[in-house]
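**Student:** Sequence:
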Amino acid sequence: MMRRTPKPAVRKGAKARLLLDGPTGSGKTFSALSVGSVLADGGPVVVIDTERDSASLYADRWSYDSIDWTPPYDPRELAGEVKALASKYAVVIVDSLTHFWRGEGGTLDVVDAAAARAKGNSFAGWKEGTPAQNDMVEAMLGADAHIIATVRSKMAYVLEEDEKGRQVPRRVGLAPEQRQDIEYEFTLSADLDHEHNLIVDKSRCDLLAGKMFRAGHETDFAETLAGWLGSAAPLITRGDADALIARMNSVDDDSARKEIKQRFADRFGRPDRLLASQVGDANDALGGWLERLADVGGDELAGEAPFDDETAEPVPIEEASDA
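Letter 190 of the sequence shown, counting from 1, is numbered 190 in the working numbering, and no numbers are missing.
Treat the hints as calculated values from the structure; they're not laboratory data. We put the CB at the ideal spot given by N, CA and C, even for glycine. All clues stand as given, with none of them false.
SDA-like mimics (lysine to any residue), calculated; alpha carbons at most 25 angstroms apart, straight line:
1. Lys261 to Ile245
2. Lys258 to Gly288
3. Lys7 to Thr187
4. Lys154 to Asn134
5. Lys127 to Arg117
6. Lys83 to Thr29
7. Lys83 to Asp272
8. Lys154 to Gly25
9. Lys88 to Trp62
10. Lys88 to Gly13
11. Lys15 to Ser34
12. Lys258 to Gln278
13. Lys83 to Glu185
14. Lys12 to Lys261
15. Lys7 to Gly142
16. Lys88 to Leu229
17. Lys261 to Val296
18. Lys154 to Val111
19. Lys119 to Leu108
20. Lys88 to Thr70
21. Lys261 to Ser250
22. Lys127 to Glu138
23. Lys261 to Gly239
24. Lys127 to Leu141
25. Lys15 to Glu81
26. Lys88 to Asp272
27. Lys88 to Asp49
28. Lys12 to Pro44
29. Lys83 to Thr130
30. Lys12 to Gln278
31. Lys15 to Gly230
32. Lys88 to Gly42
33. Lys12 to Ser231
34. Lys88 to Glu185
DEER-style ranges, computed between Cβ atoms:
35. Ala246 to Lys7: 21 to 29 angstroms
36. Arg257 to Arg61: 45 to 53 angstroms
37. Gly287 to Glu195: 55 to 63 angstroms
38. Lys164 to Gly13: 50 to 58 angstroms
Let's have the full structure, built from the sequences with the hints guiding it.
**Tutor:** Structure representation (structure tokens):
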């Protein structure tokens, strides 16, 4: 008997998860605000600013709130802040994630401190540092708001030929100064160069993959992204998701509550990732399971198959096995 039910794949509505990386002076803050203002669609925007309140330089161009974040740059504290801000703001900009990696109190400091307590054991250090880093990433990926994060790039100089044929040095950005492969956690990542061009280097949106947007055309990028996000099937509202969760949490018995939640997850997945069109079916199925729980109790409910494909009603395991 399959407990988990295959369902037709549907591109669900989602919030933007955008990473912008580039060397100092490439326009990361400006681009993040330009893109964020489009994605917000009139909603509020907030910037977590670790760059000595540099985002305030653009306050005459866009309307947004700002948090002047000073050390320590603990990734666990950022995780909590992102979760809280995402319930109030349409767009949350983290400028920049680099400080939460190698800045004072960042992930690398968390690792070093834990290793020191373990007498120099680096494995013990990463045992604490990796969960701290993962908490930060998961908070951004799970936030009910568009997330834009900037990352500094390591810099190097290359020689290029100018219009007169002379070899001149030019500063370029290399790998992002964050944990390796951080860009793969985001829906899109883009590089910014010293000419302020935005080059999409990783995208799940085929309309943007591999595209370059010249300086001053960040809004073209943002409008394409917003249109792609908006064309997906709409998701459940936060209020409806919270109501479903509250119904499940109303079950007093721990094992019965766990069983109800497992049934829901097996059939529908996470409550906050339901399609809006699924809310009625989810409430009906949940109501049926809660009624069944009231009739037979938690122990007997756990011994039943979660549902059959036609009615979503619980079926005794013996009957399901004979089918």
